[in-house]
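Here the sequence shown stands for residues 538 to 839, numbered as in our numbering.
Please note that a few of the clues may not be correct.
[What the hints assert, rightly or not] Calculated cross-link-like contacts (lysine to any residue; reagent style SDA-like; alpha-carbon spacing at most 25 angstroms):
#, residue 1, residue 2
1, LYS735, ALA713
2, LYS735, GLY581
3, LYS735, GLU795
4, LYS735, GLN702
5, LYS735, ALA764
6, LYS735, PRO616
7, LYS735, ASN829
8, LYS735, ALA688
9, LYS735, SER711
10, LYS735, LEU791
11, LYS735, THR685
Keep in mind that the hints were calculated from the coordinates and are not lab data.
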Amino acid sequence: MRSAPGFRTLLLLALSVTLASAVRAQESRNVTLLSHLNLHPVPGLSAYSNNWRYVHPDGREYAAVGTRFGVSIVRLTDPVNPVEVAFIPSIGCTTRDVDQYQTYLYAIGGTCGNTSDPGLQIISMADPDHPVLVSELHGMLETSENITIDASRGLLFAGEVNQLQGANGIRIISLADPLNPTLLYASDAYDVHDLTVKGTRAYLSDVLDGILHVVDTTNPSAPVDVASFSTNGPAHSAWPTDDDRYLCVTNENLNGGEVIVYDALNPTLPVETWRSTLVPLSTAHYPRVLGNRLFVAHYSAG
């Protein structure tokens with residue numbers, strides 16, 4: 538599954554690679570800024586959209602940063618002095634997501650305009666100080682807002698896919714042969730703007746209809762909905778607690794998005810237990826659970 542990064546890696550990603558073109562002084566809560574990089578600004582446009590970790594078999598840590606025009610790979614072994622070891626270019630896209638499988642990074646862009654598609658890039662990290670683009674695949678996956686890899690099963694899940702082709706659903710791809718992925722499942726029955734996978738359970742957020750789908754992916758070629766329920770707002774993302782008892786969901790309302798917590802003891806019938814707007818006038822975006830803490834990213838508020 539694509540679990541949350543270790544706490545050290547999460548902090549390194551957050552602190553060593555600042556994904557904003559300007560750094561504003563904010564209240565510090567036992568956190569120290571170690572360094573700041575802004576190597577790929579795009580004047581007048583958002584330059585960065587996502588990042589994920591790459592951990593080499595020998596323990597070295599890197600940040601894979603999705604930028605508007607490609608992937609920046611930054612060595613974090615000395616977090617005070619991060620070093621970009623490679624930049625893998627691609628066509629311009631508003632979002633770019635990256636994830637790791639074995640010694641490879643898989644990267645793809647989303648919302649890329651109306652002219653061309655980036656396809657799925659496969660980057661070899663066999664020598665992590667000298668990453669190499671080994672393949673750029675087209676056909677089964679042209680664009681995606683969000684990819685997540687279940688490393689234990691060798692599966693890549695992609696949401697909001699192939700926008701130029703009029704699709705917006707989900708694709709499940711086998712990485713049994715990492716350099717030759719194969720499509721197992723495709724559906725555009727509903728919008729899958731964002732998705733989280735843990736074990737054999739997937740949480741698919743339909744932001745257009747405000748529906749959260751809980752899906753059993755035991756058979757990745759034929760996933761089954763076990764629950765679908767309204768979040769009473771544009772459902773953007775979901776993340777379960779470590780014990781799977783609770784499910785934390787964000788509604789991407791433009792004027793103060795909500796955070797909702799559901800009791801998922803019975804996964805076929807989640808029960809809302811808490812709902813709040815944490816930051817008025819700032820849109821809630823991504824929730825992440827680490828231990829007994831919930832971290833929620835917000836537009837404009839951090």
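_Hints the structure fails to honour_ = 2, 4, 6 and 10
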